[in-house]
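**Student:** The chain contents come next:
Number of protein chains: 2
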Amino acid sequence: MIPNTTNNISSFQPKVLIVGTGAIGSYYGGKLAQGGAHVSAVCRSDYEKVKNHGIYVESVRGDFHFIPEKVVRSVDAYGDVPDYILVATKVVPEADVPKLIKAAIGEQTAILLIQNGIEIEEPVASAFPNNEVISGLAFIAVSRVGPGHIRHQDYGRLTLGCYPSGVSEKAENLSKLFEKAGIPCDVTPDVVTARWKKLVWNASFNPVSVLGGGVDTQTMLNGKESSRLLRKVMEEICLVAKAVGHELPHDIVQTNIDGTLVMKPYKTSMLLDFEAGRPMEVEAILGNAVRAAERSQVAVPHLESLYALLKMVDQKNRRTF
Amino acid sequence: MIPNTTNNISSFQPKVLIVGTGAIGSYYGGKLAQGGAHVSAVCRSDYEKVKNHGIYVESVRGDFHFIPEKVVRSVDAYGDVPDYILVATKVVPEADVPKLIKAAIGEQTAILLIQNGIEIEEPVASAFPNNEVISGLAFIAVSRVGPGHIRHQDYGRLTLGCYPSGVSEKAENLSKLFEKAGIPCDVTPDVVTARWKKLVWNASFNPVSVLGGGVDTQTMLNGKESSRLLRKVMEEICLVAKAVGHELPHDIVQTNIDGTLVMKPYKTSMLLDFEAGRPMEVEAILGNAVRAAERSQVAVPHLESLYALLKMVDQKNRRTF
Numbered sequence: 027m028i029p030n031t032t033n034n035i036s037s038f039q040p041k042v043l044i045v046g047t048g049a050i051g052s053y054y055g056g057k058l059a060q061g062g063a064h065v066s067a068v069c070r071s072d073y074e075k076v077k078n079h080g081i082y083v084e085s086v087r088g089d090f091h092f093i094p095e096k097v098v099r100s101v102d103a104y105g106d107v108p109d110y111i112l113v114a115t116k117v118v119p120e121a122d123v124p125k126l127i128k129a130a131i132g133e134q135t136a137i138l139l140i141q142n143g144i145e146i147e148e149p150v151a152s153a154f155p156n157n158e159v160i161s162g163l164a165f166i167a168v169s170r171v172g173p174g175h176i177r178h179q180d181y182g183r184l185t186l187g188c189y190p191s192g193v194s195e196k197a198e199n200l201s202k203l204f205e206k207a208g209i210p211c212d213v214t215p216d217v218v219t220a221r222w223k224k225l226v227w228n229a230s231f232n233p234v235s236v237l238g239g240g241v242d243t244q245t246m247l248n249g250k251e252s253s254r255l256l257r258k259v260m261e262e263i264c265l266v267a268k269a270v271g272h273e274l275p276h277d278i279v280q281t282n283i284d285g286t287l288v289m290k291p292y293k294t295s296m297l298l299d300f301e302a303g304r305p306m307e308v309e310a311i312l313g314n315a316v317r318a319a320e321r322s323q324v325a326v327p328h329l330e331s332l333y334a335l336l337k338m339v340d341q342k343n344r345r346t347f
Numbered sequence: 027m028i029p030n031t032t033n034n035i036s037s038f039q040p041k042v043l044i045v046g047t048g049a050i051g052s053y054y055g056g057k058l059a060q061g062g063a064h065v066s067a068v069c070r071s072d073y074e075k076v077k078n079h080g081i082y083v084e085s086v087r088g089d090f091h092f093i094p095e096k097v098v099r100s101v102d103a104y105g106d107v108p109d110y111i112l113v114a115t116k117v118v119p120e121a122d123v124p125k126l127i128k129a130a131i132g133e134q135t136a137i138l139l140i141q142n143g144i145e146i147e148e149p150v151a152s153a154f155p156n157n158e159v160i161s162g163l164a165f166i167a168v169s170r171v172g173p174g175h176i177r178h179q180d181y182g183r184l185t186l187g188c189y190p191s192g193v194s195e196k197a198e199n200l201s202k203l204f205e206k207a208g209i210p211c212d213v214t215p216d217v218v219t220a221r222w223k224k225l226v227w228n229a230s231f232n233p234v235s236v237l238g239g240g241v242d243t244q245t246m247l248n249g250k251e252s253s254r255l256l257r258k259v260m261e262e263i264c265l266v267a268k269a270v271g272h273e274l275p276h277d278i279v280q281t282n283i284d285g286t287l288v289m290k291p292y293k294t295s296m297l298l299d300f301e302a303g304r305p306m307e308v309e310a311i312l313g314n315a316v317r318a319a320e321r322s323q324v325a326v327p328h329l330e331s332l333y334a335l336l337k338m339v340d341q342k343n344r345r346t347f
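The listed protein sequences correspond, in order, to chains A and B. Per the numbering used here, the very first residue in the first sequence carries number 27; after that it's consecutive. Per the numbering used here, the very first residue in the second sequence carries number 27; after that it's consecutive.
Don't take every hint at face value.
Same chains, same names: a pair is fine if it fits in one copy or spans any two.
Simulated pairs of lysine to aspartate or glutamate, DMTMM-like, Cα-Cα distance not exceeding 20 angstroms [unchecked claim]:
id	residue 1	residue 2
1	342	301
2	202	212
3	342	251
4	77	106
5	250	320
6	125	242
7	75	242
8	125	148
9	224	277
10	41	148
11	268	145
12	224	261
13	116	72
14	128	261
If you are wondering where the hints come from, they were derived from the structure by calculation, not from laboratory data.
Could you put together the complete structure from these sequences and hints?
**Tutor:** Below, the structure written as structure tokens:
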């Protein structure tokens, strides 16, 4: 039974450790600190800057300064057991999440993954079978503009849920803390379906923006062939999602197209990663979807074309930069 | 009835006008001149250099110097009626072949197209319904390294045939002239099928090399997903070819893979065009195949993915350079 925690949220001050203190980790970690949590951060490249000056968050909702309670170079230097580990690393082969977080996982530690892609929770859930894994999706435009400097451009909504399904007290409490800090935060009993929903956009616009030579959302939507390709990829994602038990709303393709058409032209996050020579989330966004399709014997020819091409582009991009 | 022309080939000295005096046009034009033809050339960017110094052809089969009889800036300056117009322009929207060659077309002029792609003959055949159109395919590695300077790296074989089908005296004579100059030259009564055969390689390796981020043949073949993509595209080309009446050999996909596997890794011609900022033959190689598939109601999801992406890349590439 989940107790009603609404009344005691002001006294809910959990210990939170951020792993992956980039744009996403810094923004949501900073918000949790504003909500009253004791937030510490694992920083690698930006360690000196953040240790001495904290993280400056330029935000459309008002700038703020986030000073983590502890700033450490790796999880084992934290010296405490957090109530939540907030994992916001990119989902790339280089980032071995179970290995990264192992040293700080206590009996009561819930692991919150705010990351892209599908089927990304399983390796963490397997490595820590007795810990709660909370899967989170961020709908936000935020980027790191320099060491200890984050720019929040738009949005910010979160969706959370327990993996593989359900809702827990820890998830509810965390959601309320986010809401208290001004972050709209839904809790869903079916977060895996929410991930497939988000993938409809991510698996289409992201790869096409890179493979199309670095094109923005409107350029993709304006081309007869390219907008058709976006639709075909989205339809394939719906077929796979349904085959693995997560049927998506019947109008989700049109909703994604229409929703993007009314936005200003912009570069996808994957394109920004590509242009900066950073690894792209090829496996989390495309590879896992193609493999789910294979397991379910669903034909995804457009998706597998994008996957084959993007995999080569990513390998080459990493070597070049 | 086609007369036996074998015995009089030494006295066969036709007037040939080259339109598109790039690598292909210069090499084959130079060879026809060696065979005894009176070869003139339309040059635009390299006019001064070629007018004064001719074209130097570095070749694995022996360097040679090709001095066209006339060098003109446009077809209407030729002042004669050629027996053959050798068209070797890239097949891109900028090059309007009927318009380019109109001024030199006489009653007896045969139009030889040595170009890539499929369904490229129709606009020319429609514009000049009373002239013979000879369709030609070059299997050659040759590139322009500077003004009036061509480098022939390997191969050189030609396949010719009348469009839409058949063999003519003019085609036979031309073939013998090429053979006399050392160019293996097959004459086929079904050149359209020969084009579809060549497209199996061109529609797969060429676009994937560009869209994969600039990869060579072995990189494409080595990747599990990318080699699968190559095969899928090839299989789709076979399906479309069959649907439009040009069934290809059952082992053509494997033959293309095996043939490329034993070659040294190399960059495709489309990748070289892309890297140099030149327009790519997107429509001749992919667009026409996708449209043939649509007319025949054949599903070509891999091919249409490549087409949609490459079209965007080409548009962007032209703007950038």
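**Student:** None of the hints should be skipped; say for each whether it holds.
**Tutor:** Do the hints match the structure? See the list:
no.: 1; hint: 342 to 301; verdict: both (12 angstroms within a copy, 15 angstroms between copies)
no.: 2; hint: 202 to 212; verdict: within (9 angstroms within a copy, 77 angstroms between copies)
no.: 3; hint: 342 to 251; verdict: between (26 angstroms within a copy, 15 angstroms between copies)
no.: 4; hint: 77 to 106; verdict: within (18 angstroms within a copy, 82 angstroms between copies)
no.: 5; hint: 250 to 320; verdict: between (29 angstroms within a copy, 14 angstroms between copies)
no.: 6; hint: 125 to 242; verdict: neither (36 angstroms within a copy, 36 angstroms between copies)
no.: 7; hint: 75 to 242; verdict: neither (33 angstroms within a copy, 42 angstroms between copies)
no.: 8; hint: 125 to 148; verdict: within (14 angstroms within a copy, 62 angstroms between copies)
no.: 9; hint: 224 to 277; verdict: within (14 angstroms within a copy, 42 angstroms between copies)
no.: 10; hint: 41 to 148; verdict: neither (24 angstroms within a copy, 73 angstroms between copies)
no.: 11; hint: 268 to 145; verdict: within (15 angstroms within a copy, 41 angstroms between copies)
no.: 12; hint: 224 to 261; verdict: within (13 angstroms within a copy, 33 angstroms between copies)
no.: 13; hint: 116 to 72; verdict: within (16 angstroms within a copy, 51 angstroms between copies)
no.: 14; hint: 128 to 261; verdict: neither (38 angstroms within a copy, 48 angstroms between copies)
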